Amino acid sequence: MMTGDAAAVATAAGGPGMAAHAPGDFHTPHWVYIAVFAALAVLTVLELSVNSTVSGKSLQVAALVSLMMAKALLVVLYYMHVRYESRVLRLAIFMPFFAAVFFTAVVMI
Amino acid sequence: MALALGFSTLLTGLVVHWSITIVGALVLGYAALGYLHQLPSMHQLEGYLLRTPRGRHALGGTSVRKMGMWMFLFSEILFFTGLIGGALALRVRADGWPGPGEVLNVPLTAANTFILICSSVTMVEALRGAQMGNARHMRLFLLLTMALGIVFVSIQAKEYMLLFFEEGLRPGSGLYGSTFYIQTGFHGGHVTAGIVALAYVNYRAWKGGYTREAHEGIELMGLYWHFVDVVWIFLFTIVYLI
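Quick mapping for you: the protein sequence lines, in order, are chains A and B.
According to the numbering used here, the first sequence is numbered sequentially starting from 1.
According to the numbering used here, the second sequence is numbered sequentially starting from 1001.
FYI, nobody ran anything at the bench for these hints, they're computed from the structure.
Computed from a predicted model, the values in this text were never measured in an experiment.
Cβ atoms here follow ideal geometry from the backbone N, Cα and C, with glycine treated the same way.
One should not assume that every hint holds.
With beta-carbon atoms standing in for the labels, derived distance ranges [as the list claims (entries may be wrong)]:
(1) A:Ala105 to B:Glu1213: 39 to 47 Å
(2) A:Leu73 to B:Val1103: 25 to 33 Å
(3) B:Leu1175 to A:Ile34: 37 to 45 Å
(4) A:Val42 to B:Trp1206: 33 to 41 Å
(5) B:Gly1101 to A:Trp31: 34 to 42 Å
(6) B:His1017 to A:Ser58: 24 to 32 Å
(7) B:Pro1171 to A:Ala105: 25 to 33 Å
(8) B:Met1001 to A:Leu73: 21 to 29 Å
What the simulated footprint calls covered on chain B by chain A, stretch by stretch (three residues with Cβ under 8 Å from a Cβ of chain A suffice, anywhere in the stretch; the number is not a length) [stated by the list, open to error]:
(9) 1011-1017
(10) 1085-1094
(11) 1106-1118
So here's chain A without its partners, still in its complex pose (with noise of 0.2 Å):
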């Protein structure tokens, strides 16, 4: 059951260049989305606790960068909806992902 409000926007005629969804449109369940919103916040302070907590500047920057991925991938995959989306729409957020690591790889040595 809508409420009068969600009626209204449900009936309302959609404005100029909004179009309606495309095939393998996604629902993502509720619970995912604060699942890693928690997911985040966790990771957060864990992030924040290692360079007291992990002794040694490499396993520091081991720790910390694969704390950063997670987040990033988690931010990526379930609130960018990449996890529900095309296999070329996916391949072809690859492409980009691998120029990043390969151009700082490149400046960094």
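Following the hints, complete the assembly by docking chain B onto the known chain A.
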């Protein structure tokens, strides 16, 4: 894609070697010419993109608008790669570099990071509201997202003022200052641009511009907003914690 590749190669060349800059400029010029050549037939391009000779959807169901947003984000990934990679290249060659928390206020920025993460949750909640056809939910969370973005930029401005006037960290005071301001400054600029876009999306939402069936504008806004969040996840770790 070729435009982004050319631009990022050009930026990398500025740091590494002039010959790479020339290669980047050539790729960028070639891609720009190709793009201009295609402009008169963009509608033909769209039809071409959406259907293969066998009649299948070439993008696997992804709309052209969403693919356009992703293409823009691809170029943004390479833009920030130039900034972060350049800063890392300077850092590994520098004689000395302040450790985590020696100059920068980590607790304040950690709180700001949490605010940006919260704004990502409110953004997906707004999309969920649109998908459910619940206008009140959608409007409330769109407004909250914009408010959290404003809080983030305000705290960043406060941080800049403290660093600039009290700590004496300025863009011209050395490699550390210049790389810090250019990375976080460009990110702050992106958040500010996102707030402006969110203001428009909020306006449209209050005018009833998004329906349960047609709300792609909110989804595309969300893609940009989450991308800005991902960039901050990288910057917070690399600039403040490592």
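Consistency of the hints with the structure:
1. A:Ala105 to B:Glu1213: 39 to 47 Å: holds, 45 Å
2. A:Leu73 to B:Val1103: 25 to 33 Å: Holds: the Cβ-Cβ distance is about 30 Å, inside 25 to 33 Å.
3. B:Leu1175 to A:Ile34: 37 to 45 Å: holds, 42 Å
4. A:Val42 to B:Trp1206: 33 to 41 Å: Hint holds: Cβ distance 35 Å, inside 33 to 41 Å.
5. B:Gly1101 to A:Trp31: 34 to 42 Å: holds, 36 Å
6. B:His1017 to A:Ser58: 24 to 32 Å: holds, 29 Å
7. B:Pro1171 to A:Ala105: 25 to 33 Å: Since B:Pro1171 and A:Ala105 have Cβ atoms about 27 Å apart, the given range 25 to 33 Å holds.
8. B:Met1001 to A:Leu73: 21 to 29 Å: This hint holds: roughly 22 Å between Cβ atoms.
9. 1011-1017: Holds, because 3 residues of the stretch 1011-1017 of chain B bring their Cβ atoms closer than 8 Å to Cβ atoms of chain A.
10. 1085-1094: That given contact holds, which follows from 5 residues of the stretch 1085-1094 of chain B lying within Cβ reach (below 8 Å) of chain A.
11. 1106-1118: Coverage by chain A holds here, the residue count being 6 at a Cβ distance below 8 Å.
Of the numbered hints stated above, none is contradicted by the structure.
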